[in-house]
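There are 4 protein chains.
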Amino acid sequence: MDFAFDERTTELRERLLAFMDECVYPAEETFQRQAAESGWSPPPLLAGLKEEARRRGLWNLFLPGEHGAGLTNLQYAPLAEIMGRSPGIAPAATNCAAPDTGNMELLAEFGSEWQRRTWLAPLLAGEIRSAFAMTEPDVASSDATNIATSIVRDGDFYVINGRKWYASGAMNPGCAVFIVMGRTSQDGDPHRRQSMVLVPRDTPGLTVRRGMRVFGYTDADHGGHAELLLEDVRVPLDHVIGEEGGGFAIAQARLGPGRIHHCMRLIGMAERAIELMCARALSRTAFGEPLARQGVVREWIAEARVTVEQLRLLVLKTAWLMDTAGNRGAHTEIQAIKIATPRAVETILDRAIQLHGAGGVGQDFPLAGLWAAARALRLADGPDEVHKRSLARRELKKHMSAGS
Amino acid sequence: MDFAFDERTTELRERLLAFMDECVYPAEETFQRQAAESGWSPPPLLAGLKEEARRRGLWNLFLPGEHGAGLTNLQYAPLAEIMGRSPGIAPAATNCAAPDTGNMELLAEFGSEWQRRTWLAPLLAGEIRSAFAMTEPDVASSDATNIATSIVRDGDFYVINGRKWYASGAMNPGCAVFIVMGRTSQDGDPHRRQSMVLVPRDTPGLTVRRGMRVFGYTDADHGGHAELLLEDVRVPLDHVIGEEGGGFAIAQARLGPGRIHHCMRLIGMAERAIELMCARALSRTAFGEPLARQGVVREWIAEARVTVEQLRLLVLKTAWLMDTAGNRGAHTEIQAIKIATPRAVETILDRAIQLHGAGGVGQDFPLAGLWAAARALRLADGPDEVHKRSLARRELKKHMSAGS
Amino acid sequence: MDFAFDERTTELRERLLAFMDECVYPAEETFQRQAAESGWSPPPLLAGLKEEARRRGLWNLFLPGEHGAGLTNLQYAPLAEIMGRSPGIAPAATNCAAPDTGNMELLAEFGSEWQRRTWLAPLLAGEIRSAFAMTEPDVASSDATNIATSIVRDGDFYVINGRKWYASGAMNPGCAVFIVMGRTSQDGDPHRRQSMVLVPRDTPGLTVRRGMRVFGYTDADHGGHAELLLEDVRVPLDHVIGEEGGGFAIAQARLGPGRIHHCMRLIGMAERAIELMCARALSRTAFGEPLARQGVVREWIAEARVTVEQLRLLVLKTAWLMDTAGNRGAHTEIQAIKIATPRAVETILDRAIQLHGAGGVGQDFPLAGLWAAARALRLADGPDEVHKRSLARRELKKHMSAGS
Amino acid sequence: MDFAFDERTTELRERLLAFMDECVYPAEETFQRQAAESGWSPPPLLAGLKEEARRRGLWNLFLPGEHGAGLTNLQYAPLAEIMGRSPGIAPAATNCAAPDTGNMELLAEFGSEWQRRTWLAPLLAGEIRSAFAMTEPDVASSDATNIATSIVRDGDFYVINGRKWYASGAMNPGCAVFIVMGRTSQDGDPHRRQSMVLVPRDTPGLTVRRGMRVFGYTDADHGGHAELLLEDVRVPLDHVIGEEGGGFAIAQARLGPGRIHHCMRLIGMAERAIELMCARALSRTAFGEPLARQGVVREWIAEARVTVEQLRLLVLKTAWLMDTAGNRGAHTEIQAIKIATPRAVETILDRAIQLHGAGGVGQDFPLAGLWAAARALRLADGPDEVHKRSLARRELKKHMSAGS
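Keeping their order, the protein sequence lines are chains S, X, E and H. Just so it is clear: in the first sequence, position 362 is 368 by my numbering, and no numbers are missing. Just so it is clear: in the second sequence, position 59 is 65 by my numbering, and no numbers are missing. Just so it is clear: in the third sequence, position 118 is 124 by my numbering, and no numbers are missing. Just so it is clear: in the fourth sequence, position 248 is 254 by my numbering, and no numbers are missing.
Bound conformation, chain S alone (with noise of 0.2 Å):
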């Protein structure tokens, strides 16, 4: 056991903190004020952040294998939580952002030659964006035998009909693609129903109806959430990915280094919150104390503290287990910080904010933004209570068969 980073960690941490420090923190200013001009496009200053990562080495990092930067999950894990100190900027900046990281997988992991060639070639170099399409708004969708969307095969197309929404990154008028999970079957093994398939934006009957809000933000800088109405959309039959069936498989796949990501960009998020909390706390005085002094803000910075070593812990050995026992093997594990992290992250948002006053919900800081990021996540990829739901089984599991 050895809790130090191995040596190209510890050289990308740095080459990325300098990053940080250099372009992409005095970029934030700027990068508020273009987005709250352009729309659901990018800020402008994007290009050149992307290009300047690109030159240092930074791109690709969070794909393993021959396509990316080939590090492991263990190796990239660092990395997405000094990404995760400006969220906005950072991870769009080094082509490390979601849904395109998980799409970018799927492809290398899965997509046939013809698919990779025509979508993951541009997603890699930067050049597009692309979409998932999972969330229907009819049905608890965390529970993935619910998926209405229907897939029929006629004859070498597929027919799609369906409804999605919070489709992230769908409204970034870049977004290229979208990877569409629907059901191609209505019997057999609930689990072997489901297929995705890659549709391309301007594929007639698909409409992109409306961006959908999380707590009154647009998320424009992230691509925003849209609706998606799909009707009578054809795509050839060589846009399934995988197999047909596959879909289900597929989706388990994509999810294990999707969380590793999401949550140590959470803990990054908290690290960014530590930090605003001491720097207001050193600086404010009331009722003749600075707040730094006063015995509840001390409380809420070391439960942070506190908080935040545990959850950094226990993300990096899930991303060791994933490198070591395959994502199968983590399984628990990935569920465990899918459960604990968002909302720990959330707790310490909110004191951040509480210690801000009227500031700490509003536009100056990055706080309420943040705050609204880490509770979505509470619910993405299905609410919390479906992981823990399932957790508890596998360990009774394990009780049942020791006999006790």
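Hints are computed from structural coordinates only; laboratory data are not their basis. On a predicted model such as this, the values are computed, not experimentally measured, just so you know. One or more of the hints may lead you astray.
Same chains, same label: a pair holds when it works inside one copy or across any pair of copies.
Stated by the list, open to error - Taking lysine to any residue and the SDA-like style, the derived pairs with C-alpha atoms no more than 25 Å apart in a straight line are:
| no. | residue 1 | residue 2 |
| --- | --- | --- |
| 1 | K56 | P32 |
| 2 | K404 | P32 |
| 3 | K404 | R60 |
| 4 | K403 | L288 |
| 5 | K403 | P196 |
| 6 | K56 | R334 |
| 7 | K404 | E28 |
| 8 | K56 | C29 |
Assemble the complex: chain S is given as a structure, and chains X, E and H must be docked to it using the hints.
Showing chains X, E and H alone in chain S's frame:
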């Protein structure tokens, strides 16, 4: 001791409930749509609702004494709860919306004959709106002695300089007057240094700079929350409310009823959330079981009910104490409801959101918006922590004198 | 609506408070010492206190109707709170201690003429004690339909077989009779299968096996909690209370007032804890500052006050509902107080313990003992979770019929 | 970074697990019965277990360096967890029980040749026990500068006067020596005023007054917690440990490993609780459904698992830091585990108790006793609040120097 409503309350509750059923709930969807298009102005349909409320004798119910409906706090409180079920519409339609309510109370109690004629009369008639400017971005404003805006006498005028933000209602173009809190003195008793002055919207030197956000929301349907710049703003001496140096005392007097209103509306919001939670739980199925039969969902519903029953009683008792023992006699209770209510209702709303999945955080359900309102009330009138600190001091004092 | 005590309550509160000050608190230390030496028997000084309480007209206050003091639930509740401040002495001294109170209520309401003469009379006179045997070690007894003890008719007798535990009060040698709940029928309506029978202590076949502990405490001063073995215990048919098959209904009827008593005593315990907390905070210094000035301590005191005010109102309202709408009309509230009170008081006690350092967990302060009592009440009459489950079902039903 | 155990740890874990399965668990019932009858002496069967443990090479595992097994903190920590699964037996059987462990470390590191020969040797051999007397009833002892016991030089002797309590282990008649912390100086650096002296049990003037309780428990199987009176107790000058004035520094050094041990044993207790919870949930049925299928029960099990995984990693990392960066370099983490672990394990135990119904609070399951042990650890070595305060100060300092 008796927990039944008196006759007048019972009659008014029924009348108000009928108004909600017949006029308010049916208008919600249109209101929402108009709000999205009307910028900082109130949705057009509000005017008709105001007329109707007035016709039904549901007007200025909040105001005790001759100028208003003459209800006690205990009689009005259950009506505020009902209004809170549709907080964007009902309070405004009945001329019972903050911050006008507090401003009208203040003018009714401390305003001069001239001030009442000029500002109170049109406010009571629902012809104009008003705002209250206390919080400042640069100081911990919950400690009123920190307030930095200066109000300096210059001959027959006061000259005001300072910066305020989160002046609720001030973005509404119909907001004709601001009550501004500032320092008229640099020495003497620290609680006699502040004064309140009336500043008409069109006074030179007053700039409404921008609308502040609350978790991404503009709160435009409530008139937003303005940042104000006051640069050498001059108002005649008769624009001071009460007497010079009386600002702190007036602010204190203003707080009591305001807290009752806020807290009862929050309870109405919580009841709405419970309704939505039950409806959702009864209509959705996940993993083969309706949500309504799942243990964790039941836990949430039970907890919500147990919480709301306690909160309501505490707020009603506080109203009763204010009626029978005065603002001062109810001091501890007024702090207690401010501490207990927003956070508890926030938790109920959070769970209702969780139960609604992705939809919960978006614009198709009122939950995320209500949540943001509840969250902001943990900061409005000073963060909870300030109130706990003061309440504890009082409790400790009690035990000191008891000799224990 | 009116939150003031009526005249009779006010008068009795004063009389009881005087008794506490003059007789109970001064006796606490000696009581504690005697208790440590008197085994399962009550400390000798109790007899004198009982006499004195009776002389002062503070006797059987809990019992409505002709047999007792004739108070309503709402009138008795505030008296129970006061007794709860010294829960080892005051309830026993005034003949208002559980489980006798519930047993007397039950005999007064459902007992035959003969049962009342034989058992109720000496209980009312404080000459004997009694116990209630419901919980069984082998089944989830909160679900009464699980009760396995069998009560089988055999000619003029019932023959009882089973095992019970946590029969509170039964270790006291003065405990002369047990009310035993068992199954008289294996079929028919599952809520008509149970009956309650009176079993005198000296009945052959009844063995009091051992005293059960509560977090290491024997609770000997309350008569302990016995494990009972019933082996072919025979009692005449007239020992059934009410009618055969009526056990479940009687148990339900017994619950309402018992919960009011328990909850109000808990509130009295919480008030005692707040007093101790304040006294400690005012007298100790750490790190150069009296505890009373430390933010976290203030937070605890404030939270305790805010919590207690809410709980008390909820319990009082429940008492009022029981008086005006009956046990059935107060069903939800009776569940709500059982859910809300023990855990909240437990938290207050826990913080009071923390403030007392090592002493808090030991025998020199009453806090750890009170804590254990509060903790046990989260399980008594069924765990909180059972009540939440049922309360939620009721809430959901309300919304089903409302058509939402 | 690597999360796998090294070879030696793996081997020792297996050996220890076998010892638990073959010797410890089978002895639990008898141990419990003997403990109830052996007063303050250890249950007779302990001697045989000690012999067996020693024979299996499971002896003094906690002690690094030449005197003990020579394991690093990181190697010993997982073994302490396993021992914590049966905390009344396993640590004592392997000579790894507090407070001897801390006392042995201290003598090994700071003791003179003579002290090591006289006291360390028989402790290492498991022939005697020892106690550590720091806490005083009359002052907030978590602030070491408050310690009031005086140690005054008088010729060749120290004369000690004071009162101590909660000296764990001291009620055991085999406890042959006490390490007493007191003040040797009234002025100078406040952290150089304390010294530690060895006081043999039979020294005149030393009275072991009584056993303190922990929530009703005597903890006799751990040697209880004594109140000590020291009246003109005289010991030769060579009984001081390290140097005069070094008490505070030695106390600090003693804390680090002790916290690791306590926290890992707590984690073992939590694992035991999870096992019991699962076993109970799988074997009980209420309201027509096994507890294992009820949502709230699953929630508890999942939360317990998620919590334990995080805690374990944090403690292991702290052990690693102590091994690689020293006690001082691990300061924040040592505080963090003390804050995070006891309370979290307390919650897990509380839920396990709740799941066991009345049995949970009693003596037939180990849960209530384990709970009391966990609860007491929130106070041992100073209440959590003291550690949070200090941890926050350190965090704030970090940000001051960072200039943010």
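Now the hints, each set against the structure:
Taking the shortest alpha-carbon separations for K56 and P32, only the intra-copy value of 15 Å comes in at or below 25 Å, while the best inter-copy value is 50 Å. With identical chains, the CA atoms of K404 and P32 are at most 25 Å apart between copies only, with a shortest distance of 22 Å across copies and 51 Å within one. With identical chains, the CA atoms of K404 and R60 are never at most 25 Å apart, being 47 Å at best within one copy and 32 Å at best between copies. Taking the shortest Cα distances, K403 and L288 sit within 25 Å of each other only across copies (10 Å), while inside one copy they are farther apart (50 Å).
For a Cα distance limit of 25 Å, the shortest separation of K403 from P196 inside one copy, 22 Å, qualifies, whereas the shortest one across copies, 32 Å, does not. Neither within a single protomer nor between protomers do K56 and R334 lie at most 25 Å apart by alpha-carbon distance, with minima of 34 Å and 42 Å respectively. Taking the shortest alpha-carbon separations for K404 and E28, only the inter-copy value of 21 Å comes in at or below 25 Å, while the best intra-copy value is 50 Å. Taking the shortest alpha-carbon separations for K56 and C29, only the intra-copy value of 10 Å comes in at or below 25 Å, while the best inter-copy value is 54 Å.
Going down the numbered hints, you'll see the structure goes against 3 and 6, while the others check out.
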